[in-house]
Amino acid sequence: MKVNRTFRADSARLISLIMLTILLLVLQTAIFSNLFAGQYVPQLLAIVIMFLAFYWRTTGGLIFCWFLGLLLDFQIANLLGPSMIACVLVFLIFSTIANNLYISSQFVLVISGAVGSLLLIVIQQVIQSIFLDVGLSNLVALMKDALATALIAPLIFPILSRWFLTSSKI
Amino acid sequence: MEKRANFILTAILIFLSLLLTAYSNSNLYLAQFGNKVVMGFTSPIAGTFVYSRNWVVNYFDNYINLFHVQEENQKLQLQVEFLQAENARFRESEIENQRLHQILKFSVLQQQEGLVANVIAYSNKSQQQTITIDRGSNDGVELKQVAVDGIALLGQVISVTGNSSKILLISDPLSGVDSISQETRTRGVVQGDKENLLLWKYLPKDQPVAVGSRIITSGADGVFPHGLSVGVVIQVDNQRPGMFQEIFIKPASNLNRIETVYLLKTATDES
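Protein chains in written order, with this note's numbering: chain A, 1 to 170; chain B, 171 to 441.
Everything labelled a hint here was simulated from the structure, so no lab data went into it. Predicted model only: the values in this text are computed from it and were never measured. Certain hints may be false.
[To be verified] Which stretches of chain A does chain B cover? Using the computed rule of at least three CB atoms under 8 Å from a CB of chain B, they are:
1) 36-50
2) 54-67
3) 75-89
4) 98-108
5) 139-148
All C-beta atoms in this analysis are idealised placements derived from N, C-alpha and C, irrespective of residue type, glycine included.
Turn these sequences into a full structure, and let the hints guide you.
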């Protein structure tokens, strides 16, 4: 009975996280992309990846991040795969250093947001450049996105924590 | 044990991703199908957001403009008189221009039918250079339709849903436009580059190109019709190592501030 209840709670938590992730993707692509003509766009999915790396079990987080990457690749409508690899790698990097970070600190969230955003785009574009004849975006554009992500990370992170940290790890 | 399982899982996920990358590199169907699904969610919200924002901005603009209406009206009347005089001069110039065209048997751009669309979303500039417009397959938009702004080339349609479409701008590094110099007829491929400039590629060093040369589409790639303005050469570097020169072009249209586009009818539509 107890096992059944825990399973149901975890499933509900997972479904609401999926819904929230889709909502964040819509926010990122439909609202933030149009605020400053495609500049200063926060990578909200990078914040979700950071959250998963800090609080989720590695197995569940890896699979979830892989699907997040698929969603990002679908949104870009070019190659499928680069964002998937980027999401998985960013998750692994953050889950490796998670124990050494004081994640209750706003400052750590700001720095993590900027680094996560930069890593996500750079890794995605490096992999893309292996298959296609394209270079990296200019550093200024990447830094603008990283800055926006850094500023918004301390706002999104507490929402994620409040919603999804009520029971055990998935 | 858990570390080992995670390592294997990571390897499997990365391997699967690479397989998908290799597959989608040769076959875009899956990526475009996924994009249609994602755009189905995002386009209506983006459209509503942009329309609402424009409405609010216009409302306040109109309100502020009311303060200076009379003064502005007098200025505009003067301007109308001036423009009428100028218009008469331009009409003369046009007649003269047509006569010269006939004399030189110069190929005049054909009047093309098409469709006007409004931009409802911009892509994240650091990832790709695309715009989303409020016209889709329900309005007759098709893949590879050419988007222009006046006669300046903007890009081509890469994804279509019922009520919206995505246009890959010529400033995206993945875009390629077969182009020629209007003066020397030198031919190369225009691709997107950093800092909102275009790069004119594959021009051998023995074919000199001057700064200020106008670049137009050649029509040889079968996608973009001949004679659309692409931009103006602003920098030429033929001292770099290798066979080719490095030539930077300033786009003819401001690709960061596109609000309305004109989609040219494709050859299949006309037939």
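Consistency of the hints with the structure:
{"no.": "1", "hint": "36-50", "verdict": "holds (count 4)"}
{"no.": "2", "hint": "54-67", "verdict": "holds (count 5)"}
{"no.": "3", "hint": "75-89", "verdict": "holds (count 11)"}
{"no.": "4", "hint": "98-108", "verdict": "violated (count 0)"}
{"no.": "5", "hint": "139-148", "verdict": "holds (count 4)"}
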